[in-house]
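All chains, please: the whole structure from these sequences, using the hints.
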Amino acid sequence: METIKLTINGVEVKVNRGTTVLEAAQAANIYIPTLCADPDLEPYGSCRLCVVEIEKIRGLPTACTTPATNGMVVHTETPAVNEVRRTSVDLLIANHPMDCLTCRQNQQCELQQVTAHLGITERRFPRTDQAFPVDTSNPFFDLDRNYCILCAKCVRTCDEITGINAIDLAFRGYSARVATFGDKPLIESTCKSCGECMVRCPVAALTPKETRRPIHEVKTTCPYCGVGCQMYLGIKDGQVITVRGDRDNEVNGGHLCVKGRFGIAEFVHHPERLTNPQIRKNGKLAETTWDRALDEAAARLGQYAPNEVAVIASAKCTNEENYVLQKLGRAVLGTQNIDHCARL
Amino acid sequence: MTNTISDVGDAAGILAIGTNTTEAHPVIGFEIKKAVRKGTKLIVANPREIELVRHADVWLRHRPGTDVTLLMGLCRVIVDEGLADASFIAERTENFDSFKESLQNFDLDSVAQTTGVPRKKIDEAARLYATNAPAAIFYAMGIAQHSHGTDNVIAVANLAMLTGNIGQPGSGVNPLRGQNNVQGACDVGALPNVYPGYQAVTSEAIQKKFEAAWDCSLSAKPGLTTTEIIDAAHRGQIKAVYIMGENPVLSEPQARHAEEALRKLEFLLVQDIFLTETARLAHLVLPGVTFAEKDGTFTNTERRVQRVRKAIEPPGDARPDWWITCQIGRKMGDRGFTFTSPPRIMEEIARLTPSYGGITYRRLEKGGLQWPCPTTEHPGTPILHTEKFTRGKGQFVPLEYKPSAESPNNQYPLLLTTGRSLFQYHTGTMSRKVKGLNVFLGEELVEINPRDASALGIADSDVVKVISRRGEVTAKAKVTAVSPAGVVYMTFHFAESPTNQLTNPAIDPIAKVPEFKVCAVRIEKKDTRLD
Ligand code: SF4
Ligand code: SF4
Ligand code: SF4
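In order, the protein sequence lines correspond to chains A and B. Following our numbering, the numbering of the first sequence begins with 92 at its first residue and continues without gaps. Following our numbering, the numbering of the second sequence begins with 40 at its first residue and continues without gaps.
Hints may be right or wrong, so weigh each one.
Stated by the list, open to error - Only pairs whose alpha carbons sit at most 30 angstroms apart, straight line, appear in this in silico DSS-like list of lysine-lysine:
1) B:Lys278 to A:Lys275
2) B:Lys73 to A:Lys310
3) A:Lys327 to B:Lys405
4) A:Lys372 to B:Lys278
5) B:Lys349 to A:Lys300
6) A:Lys310 to B:Lys472
7) A:Lys372 to B:Lys472
8) A:Lys105 to B:Lys349
9) B:Lys303 to A:Lys375
10) B:Lys472 to A:Lys327
11) B:Lys349 to A:Lys310
12) A:Lys310 to B:Lys565
13) A:Lys300 to A:Lys310
14) B:Lys472 to A:Lys275
15) B:Lys73 to A:Lys275
16) B:Lys515 to A:Lys310
Honestly, the hints are just simulated from the structure, not real lab data.
Now the structure itself:
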């Protein structure tokens, strides 16, 4: 691929042709504020925070929609640029709740980050209150339109990434809002609850109902279907509390479906989990120790001829577990009666 | 899959047959829809109006059980119109002439009649698939779960070879495996006829190799499949069964028979994370752990071996399944079960399984590896059959239409087909424990076309009885045109409405997959006043 050179804030940057000015800056670790850009979505250019000055180009183009060209000279922090950004953010925060300390998105909010970057400390426009009811109908996440900045990331995600098109931007002016078909609650819409919109929302308009934050994360593979999505389990107090898609792999590139994203913690920590071996006594299952259970297993399995026993392994267990079980069946029980539920 | 998920976007054409991808493989569904958005042509062949239909260029709504006819019809159009890839056929395949001859039995007007798909659509789909290369075929249990499932799979392969759609990015024949590690369980030998790596139990050389490795003597006769094990238990031949993490009481066809069979056992050992319907019948229940509490690997539908990592401690005294099995092996006096951790087990798998030969935990730290991966230097194989087929040349196989084992009649006038929902998983052991998922689908719904429903006086949400030759099941009706007239649809996720008490245990003679996708039923409105 052809590489080109451009200069951003006096730094020379080399990128592949086809890269946008925003991506070139990000590659060189130069921060340009944005609220509607996302690496998985097509450039949109609506928040107008990524405006920059480019020598020999008139006006203030948006970095997310402008392709980088050879020899281009870009300035990302000029007074003119910052004045436009400032006005855009002033308008965005005019009606924003600004209860940051108790907000679900506190410290993860991109609006907070942008406001801090621009050094904004007060509202310049008077607040015109308009309270929307919060849509809590989805069991896993809420839609609170009072926080929404109309960046359309959710709408674009549900179109470009999931192809489900459950939501759209509806109405104009002050009533503009993210809406389902017929303006129904999410649960009555065609939403499949994948949460892809939620992870991209820059503010607290789309947030998970689980508000705790993990202490550390462990990368693993989703236990639900044959796609094998790579994910991070977020752990706190010895419990799985969050799941996040891993962006750096070729299988799912960060995407997850409803089962992977929201369907794990509850079954893993379910009170009905088996916690002790149980043995049938007088027709009833009763708890026993591992020693007795394993002795019983070995003694009973050992009583039968190869054509009288069978093992059924599991499409849900690991390769290693299936391997040792088929080995036990073959090498110890002497049988080839080994299968799992592949066909079912 | 012969190809990878990441090259779905390279396909110029996609045929999705017998797969409800957006429900059963949601993230692959995303990729297919993304490709369509960028211009890929999509052909959906499915009796039901699944979500992908909305994104399709052509929808072939064929009658359940007529896949072979439909696929042969597509081949016929391609050959008749000169759209076949002659050089691929000449260089990479054999037996084309007799295949071509067999197409004469598929007169396109009778294909239209058998499948119920208008001829114009068959023509259109064939042209679309043949002229948009590379083209990929995706299929799932809708192809496999028939008494002639092997023929269906061959028909898919014929179509791909006919157009040379094998071996490049964006092409291929891509079966989508349902459960998370069904691919891996097969790979490591949890099958009655093969050792790990699909090495035949009937081969003397292979038998010797495993006898030496495991220090034992082994039988050269293939064993019984799950369905056959259940039958043998019912007859009293099989007396003891060790089940790990499966719930055949719900997943087997004719599930009541499966339950009776397990009750007859002298010894049933079930190892699971919950007291499943099957575990309730056991003499000994051993508590295993979830994926979050153990190390290991799963192999996904594109043959990619990936790490599972322990993130938390198990509850109570539950133990990893590999540990439990190893302890039993040791107690039975075998020295081959001294593994101290899953990576040690993988070392033995790699030693004995050529396609896994190069897989080590150290390498997997950097990301998954797609088999065949024969050596530790080998980068893995994203696309199969790039230069030749496993057997050398690809074999065209002439086929004929075989009707499903059961067809509707006066007594059982409707055809029942089964599938999966996005919001539940298999027999529900895990997903039904998640309240939020039950909000989306918390009970079985029998999908029935408005025409059939009104003929039977059934309204949406009425409680109905679905009755087959093998049993009856009660569930609520969902009146919807998603299912065509004459066809009803259910999932098998719910113990309260055990759909598999209805399904037909007739199996494909080679793959031994039961015919879950077609059985004859009748529906009666349940008179709630009498209960
Ligand atoms: S959760 Fe998924 S389906 Fe629902 S609106 Fe968001 S992106 Fe769309
Ligand atoms: S809900 Fe979030 S992502 Fe959607 S438009 Fe509003 S702020 Fe943007
Ligand atoms: S997140 Fe969804 S699509 Fe991905 S592996 Fe899990 S169940 Fe399958």
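Going through the hints against the structure:
Using a Cα cut-off of 30 angstroms, the hinted pair Lys278 (chain B) and Lys275 (chain A) is violated, with the two alpha carbons roughly 57 angstroms apart. As the CA atoms of Lys73 (chain B) and Lys310 (chain A) are separated by approximately 26 angstroms, the hinted pair is consistent with the 30 angstroms bound. Under the criterion of a C-alpha separation no larger than 30 angstroms, the hint pairing Lys327 (chain A) with Lys405 (chain B) is consistent with the structure, at around 26 angstroms. A hinted pair counts as satisfied when its Cα atoms are at most 30 angstroms apart, and Lys372 (chain A) with Lys278 (chain B) qualifies at roughly 19 angstroms.
With a C-alpha separation of about 25 angstroms, the suggested pair Lys349 (chain B) and Lys300 (chain A) falls inside the 30 angstroms cut-off, and the hint holds. Taking the CA atoms of Lys310 (chain A) and Lys472 (chain B), the gap is near 23 angstroms; set against the 30 angstroms cutoff, the hint holds. For the proposed pair Lys372 (chain A) and Lys472 (chain B), the alpha carbon gap of about 28 angstroms is at most 30 angstroms, so the pair holds. For the hint pairing Lys105 (chain A) with Lys349 (chain B), the CA-to-CA distance comes to about 41 angstroms; that exceeds 30 angstroms, so the pair is violated.
For a cut-off of 30 angstroms, the pair hint linking Lys303 (chain B) to Lys375 (chain A) stands: about 16 angstroms separates their Cα positions. At most 30 angstroms may separate the alpha-carbon atoms for a hinted pair to count; Lys472 (chain B) and Lys327 (chain A) meet this at roughly 21 angstroms. Restraint check for Lys349 (chain B) and Lys310 (chain A): satisfied, since their Cα atoms lie roughly 9 angstroms apart, inside the 30 angstroms limit. This hinted pair does not check out: Lys310 (chain A) and Lys565 (chain B) have alpha carbons roughly 49 angstroms apart, beyond 30 angstroms.
With a C-alpha separation of about 22 angstroms, the suggested pairing of Lys300 (chain A) with Lys310 (chain A) holds against the 30 angstroms cut-off. With a C-alpha separation of about 28 angstroms, the suggested pairing of Lys472 (chain B) with Lys275 (chain A) holds against the 30 angstroms cut-off. Distance restraint check for Lys73 (chain B) and Lys275 (chain A): the Cα-Cα separation of roughly 26 angstroms lies within the 30 angstroms cut-off, and the hinted pair is therefore satisfied. A distance of roughly 40 angstroms separates the Cα atoms of Lys515 (chain B) and Lys310 (chain A); the hinted pair therefore is violated under the 30 angstroms criterion.
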